[in-house]
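Chemist: Going line by line, the protein sequences match chains A and B.
So for the first sequence, my numbering puts the first residue at 1; every next one is plus one.
So for the second sequence, my numbering puts the first residue at 1; every next one is plus one.
These aren't lab readings, by the way, just hints derived from the structure by calculation.
What you are looking at is a predicted structure, and each value in this text was computed from that prediction instead of being measured.
Check the hints yourself; a few may be wrong.
[What the hints assert, rightly or not] Computed list of lysine to any residue pairs in SDA-like fashion (alpha-carbon distance at most 25 angstroms, straight line):
#  : chain 1 : residue 1 : chain 2 : residue 2
1  : A       : Lys85     : B       : Asp22
2  : B       : Lys15     : A       : Gly141
3  : A       : Lys85     : A       : Asn168
4  : A       : Lys85     : A       : Val155
5  : A       : Lys85     : B       : Arg28
6  : B       : Lys15     : A       : Glu44
7  : A       : Lys166    : A       : Glu116
8  : B       : Lys15     : A       : Thr160
9  : A       : Lys85     : A       : Asp120
10 : B       : Lys15     : B       : Thr2
11 : B       : Lys15     : A       : Arg75
12 : B       : Lys15     : A       : Ala121
13 : A       : Lys85     : A       : Ser156
14 : B       : Lys15     : A       : Ala174
15 : A       : Lys85     : A       : Glu140
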Amino acid sequence: MDDSDEALMARIARGDERAFRMLARRHLPAMLGLARRILGNAAEAEDVAQEAMLRVWTQAPRWQPLAALRTWLTRVVVNLCLDRKRKAAWVELEAAGEIVDTAPLAGEAAEATERERRLDAAIANLPARQRAAIVLSYREGMTNAQVAHVLNTTVSAVETLLVRGKQNLRRALADVIDGE
Amino acid sequence: MTDDQFDTFIAQALKRDAPHADDAAVERVLRRLQTLPRQHGSVWRLPAVLLDWQFTPAWPRMAALAGCLALGFAIGISGLDRPIDRISGASASAEGSGLGAVVFEPEPLTGARP
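This is chain A alone, in the form it adopts within the complex:
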């Protein structure tokens, strides 16, 4: 049986719940990771991923395979995340507390973790669209054209978002990265 995304979507359009669960299991980890990166909140990310998958189910009869399902799904998740960011104030990752790691860390690893934590905080403070562009470009490995499609904007606008996003990150991490 053909298990491609397009074949599964055709089955979902006919009301096949088994095909839906197969597709959900395939794409949920990536969508959850993406939502978590943009929102900075695991619980909200789960809500967004659930909402996105429900849209896959309800919109399947109308879905046209003009673009890859993954791109369409990414667009849905990013838009849902940006909607939430517009509605709610950002809660910094630091405010959510940190899980204590009891394992002994070497100095270098600890420093790397500290830098990444600082980067997380800096990304969290970026404007929503800059953050989305950075995450899509660096985490998802999308081209600028793909990011433009997902954010419903132009390639030059994406380039501007990325340049400004990186400038803001460099500024926020100046004391960490200038020491190297």
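Starting from the known structure of chain A, arrange chain B on it as the hints suggest.
Modeler: For chain B alone, coordinates are given in the frame of chain A:
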């Protein structure tokens, strides 16, 4: 840190995720998707449904259909579908009174024909 090193640093930091936490989250979301709402239909789907239909002729069925047609035609022209008593009566009245007897109904009380 150069621009390239900074790009690599951002990419590596963003790609790191906790896989076990993701598995648990995936299971939680899947559990919440147990009951699904009604799907949105679309008129755009109608052409797709029509295109999905198989119009390839099934030859045994075509032969059966042609046989039924030929049999129906033969029955129709030979008059086998009419009761035998009506066949003789109709032809007799038509021969006796001309076309008016066939076309016009007789008066219900007097029985006179127009």
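Chemist: Against this structure, judge whether each hint is valid.
Modeler: Quick rundown of the hints versus the structure:
Restraint check: the Cα-Cα separation between A/Lys85 and B/Asp22 comes to about 22 angstroms, which is no more than 25 angstroms; the hinted pair holds. Restraint check for B/Lys15 and A/Gly141: the C-alpha separation of about 10 angstroms stays at or below 25 angstroms, so the hint holds. Using a Cα cut-off of 25 angstroms, the hinted pair A/Lys85 and A/Asn168 holds, with the two alpha carbons roughly 19 angstroms apart. Under the criterion of a C-alpha separation no larger than 25 angstroms, the hint pairing A/Lys85 with A/Val155 is consistent with the structure, at around 23 angstroms.
The straight-line distance between the Cα atoms of A/Lys85 and B/Arg28 is roughly 23 angstroms, inside the 25 angstroms bound, and the hint therefore holds. The suggested pairing of B/Lys15 with A/Glu44 holds, with an alpha-carbon distance near 19 angstroms, which does not exceed 25 angstroms. Proximity of A/Lys166 to A/Glu116 is assessed by CA-CA distance (about 15 angstroms); at most 25 angstroms being required, the pair is judged to hold. Pair hint B/Lys15 plus A/Thr160 holds up; C-alpha atoms about 22 angstroms apart against a cutoff of 25 angstroms.
Between A/Lys85 and A/Asp120, the direct Cα distance comes to roughly 16 angstroms. Compliance with the 25 angstroms bound is thereby established for this hinted pair. With a CA separation close to 20 angstroms, the supplied pair B/Lys15 and B/Thr2 stays within the 25 angstroms bound. Annotation: proposed proximity of B/Lys15 to A/Arg75 holds, straight-line Cα distance about 19 angstroms (limit 25 angstroms). Between B/Lys15 and A/Ala121 the alpha-carbon distance is near 15 angstroms, which keeps this suggested pair within the 25 angstroms criterion.
Taking the CA atoms of A/Lys85 and A/Ser156, the gap is about 23 angstroms. The hint holds against a cut of 25 angstroms. Distance hint between B/Lys15 and A/Ala174 is fulfilled; the C-alpha atoms sit about 22 angstroms from each other, no more than 25 angstroms. A hinted pair counts as satisfied when its Cα atoms are at most 25 angstroms apart, and A/Lys85 with A/Glu140 qualifies at roughly 20 angstroms.
Taken one by one, the earlier hints all hold for this structure without exception.
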